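Chains as they are written, first to last, in numbering that gives the first Met the number 0: chain A, 0 to 185; chain B, 0 to 425.
These aren't lab readings, by the way, just hints derived from the structure by calculation. Treat the hints with care, since some could be wrong.
Computed from the model, here is a short list of chain B residues facing chain A with C-beta under 8 Å [to be verified]:
#1 His-127
#2 Leu-134
#3 Lys-135
#4 Glu-208
#5 Arg-240
#6 Arg-271
#7 Ala-280
#8 Leu-285
#9 Lys-290
#10 Leu-292
#11 Gln-293
#12 Trp-367
#13 Asp-396
Here the structure is a predicted model, which means the values were calculated and not measured. Every residue, glycine too, gets a C-beta built ideally from N, C-alpha and C.
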Amino acid sequence: MKTEESLMYMRNWILFLTIALTTCVDGADTPELGQPASEADIEQVFWSVFPDGENLPAGSGLAVDGKALFNIYCIACHGIEGAGLTAVALVGGQGSLATDTPLKTIGSYRPYAPTIFKYIRRSMPYIAPMSLSNDDYYAVTAYLLELNGILEPGSVVNAETLPKVRMPNRDGFVNAYPKVPRKYDY
Amino acid sequence: MSERDLMDSLPPVAANGLLDRRLFMKSIAAGGVGALTVPVLADPVGKDQPSWLLAPGQGAQGYGTPSRHEQLVRWIKPQWPLGATIQGLAFTPHQGLTGTYTPSGLHFEVNHHGIPDIDPNLHSLVIHGMVDRPLKFTVESLDYYPTLTRSHFLECSGNSGALWADEPIDALLDQTHGLLSGSEWTGVSLATLLDEAGVQAEGKWIIAEGADSGSLSRSIPMEKAMDDSFIALYQNGERLRPGQGYPMRLFNPGFEGNTSVKWLRSLRVTDRPAMTKFETANYTDLMPDGKALQFSLKLEVKSVITRPSNATVLPKKNAVYEVTGLAWSGSGRIRKVEVSADGGATWAEAELQGPVLPIMLTRFRLPWRWDGSPAILQSRATDETGRLQPTRTQLLDARGKHGHYHYHAIHSWSVDENGGIAHVYA
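Excised from the complex, chain B in its bound form (with noise of 0.2 Å):
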């Protein structure tokens, strides 16, 4: 018994914390003269059990982590030895994970310049520009907010980048969908922020900027700032964490991930947007006639079977499987998943694991009899408002190869006779 544990299995004796006079002779007697003894027999009933049976284990920590038997971790893409060192691109390892929330240790992060260490007593938020009156919300001061939670996914206008090229690459789910991710926020309403300060009429736009290095920076309609738009300082239930732009972010739910300007600091109301770097250069999307997309901020719909998935093997023929997956659409609830065994020819719904959130991660099963021979597994969803997800001869068809962004054709893993998983194109 630990001296803690015995004080508190001693009952006090008076007020004030006045405890039993026995807990020091206790204590000595555990922690001094050989009063703990293990028995050493020859033939004791527990010898066939596994070690961790046969003491008691560890004390439980401040901040929980994974069994040291598990090695999940993000995959971070390598960066040139120099200059770009900084630049973090972390996927969420999707090919190990079932749930819809993804661990926030596990979440996407694309970084541009780097994760700031910022100290929240010396940040601010500030709201300028065309409003009757120009704001500095603290950090603690959004705290005394009505608070709004949402569980919404996140996805990088990237994500899937490497599947515009023209051979199939031999990579994990990470690579090819991990910079997309599953939450819960929680924050205060933009528009609750933008009415105090008072936008005046002309106001149309909102340029974010981010207090990182490079200062990241978006224009955001003011439309979609008034509806559903949130500062997000909370994840999972916990403050942010700093690669998620610890202490606010701004939340654009459907949008690409990188309007949901990190470590937010200022947003300027204007009429017009500002042509960043980030919506000029990176993020948009160049068509096969030399024109690019620009403000394609609206995720589409998409999913992708997450089991099995590249470098699976299944361990039996003839046998019965479940395949799952993750689907979802920045323009509000899935409504519909199907799953094919031969390469888009048939289809079959399959079960949607519930409750089916609007822009949210959304699961789907569908039991599958593996009879051994070579197969095809895809899966297509289709959103609420009716919209398929195309195939990839109809996404490239659409807009070429150059594109960069925005990816999110139907994916095809190959089964072979040996119950090998591959990712192919189909």
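Extracted from the complex, chain A is given alone in its bound form (with noise of 0.2 Å):
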């Protein structure tokens, strides 16, 4: 084959795959009525923060404040220093796991420090969710890892230093997709 021939070829090759290629992309399956997102969009819906520490918000707080903040806005519901009342205990249960009596909170159980701080952001306090600054929400963070005396009083908590905190029951899990693991089948 002559070069400009070959080169013909390939140019035809190349033409009938981006016409291939172009098809399928927009598939005229479907209307592809999906507008472009912006960054604002994303930042108004996407609150997940991950165990790494991926999307925790700037800001930092102690646990004092924690303290004050929780007597005002969290222990109606979940009782003097997190015990627990008409919602859920945030403090103890340590070791309490493998018991009869297993008593679940996030000291105990949960493995991650920075997605508690996510929840906590985005659905606390139950009645009134994101009403507090990224201050407050860090400082009352603080406030039950200490109560659960898995941080050093004082220690700041900020994106910094929360995903470097080691939860007790960091290992208590086990993957169960796709299958329960045979240990634990009938």
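Mind docking these for me? Both chains are given alone in their own frames, and the hints should help you get the complex.
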């Protein structure tokens, strides 16, 4: 084949492939009505925080401030020092999981500190979620982690430190997807 | 005759809406001067008929409701007086239902943070993260996509949670099996929308977040999302109800109900799960060794006899009764349901009501002659993968009694010599 000819041959192939690909991608089988989502659109709806701290906001807090906030905004449901009242206990239960009276709290059960913060920040106080500042949410998280004996008194809690907190039940979970492990099957 | 009926009965007399001039005369006659006279005779021919035969009934309602003589409603779990009052658990009353499709108003609900009142014009779904094109879909735009319709059951993994307790509870079937319902769901395939956004090779999970006040969030494996998950917009032919996620919910067939995130507004494509509260606190199953099963997403094979069930009384001895119930599995179709009347010593295969659909409630029936002596009624299901529903002892031996979720053992009803039915462990 002459160079010119082979070039043309290649060009035709590229044209053919491009058409084939664009028909696939543009999938004429749906109207494709999705609008480009802006950073602001994403920020508005995306609150999840990952165990490594991805998506933690700026700000920081101390347990002393957290205690004051807790006693105003949380105590009515979660009780004195998070002992539980009309809503679940947030303190205690370490060492109870394998006993006949297990107590699952954020201190005894939950494996990652950043995702505890995420839930408090996005969902609490129950009757008025997202009503405090990021600093406030870091502070109540610090208070709850100190109450559980997981943080030293006076620890600064923020996007840097929270992912480094080692939760007591960090290794307490077994993946059951797609199958429940044999050990727990009948 | 009402004015409306009159108008309908009169042919137009000219184009564009002109009607017979007698219309007004007739209306006047109907509404006015004593034209309607009800006879009051001493001995009318209908004197022995019930009242509802002796006068025309009411007109139709815009949205129909059950007869005022029917009181079948969902059982609402009592809430703490302060704090958790907006949480809602509503249980389907299977003791009074006979179908496989649950009426929408009786579908179960678990609302961790109440039911949001969402304006569909202000709601949209954003797909973002590891995608080529982050996209935003309005509710209206999804109506223009090719629709997909599936009949599926939905079950909360906390369904039958009360049956882990040491003593059998004396409660109606709604309380023991009511976090289970079946519907026809219509919406848009999730893969279609993900393809439009262009999922990148590293995208292995999707974090779904709801627009409720607590933002219920779950991590969904990408293989599931691309396989058969969909965005449900309609339930039993009408728009989703607020308690079912109006205006849109995720639906993951065969997965524990909590993953089918209601009021869906955000899908983040990622390379790892987010370890949300609802997959590290709730919806994890504590095992006897202190470890907990996580991402126990698939619902297991299960069945229960719905009639007779707790607190009913068989009216007559030495009579043939129908034993009927529901069977379901998150892994596909029900292959077989067996019924025992002697506490599991012997089993007989029940008739399955067709069509038997994958990941849908399947009704079974078997005639049973009750001779008047005490008996234990049980059912056990086998799904198309060959998985057989375990006995209570098998389940507890393997998983202890603090798992809280995914209770799916064989359920037992005792029949006493008076025909009374009660819940027992057998």
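How the hints compare with the structure:
no. : hint    : verdict
1   : His-127 : holds (5 Å)
2   : Leu-134 : holds (3 Å)
3   : Lys-135 : holds (4 Å)
4   : Glu-208 : holds (6 Å)
5   : Arg-240 : violated (23 Å)
6   : Arg-271 : holds (7 Å)
7   : Ala-280 : holds (6 Å)
8   : Leu-285 : holds (6 Å)
9   : Lys-290 : holds (5 Å)
10  : Leu-292 : holds (4 Å)
11  : Gln-293 : holds (4 Å)
12  : Trp-367 : violated (28 Å)
13  : Asp-396 : holds (7 Å)
Of the hints listed earlier, those the structure fails to meet are numbers 5 and 12, in rising order.
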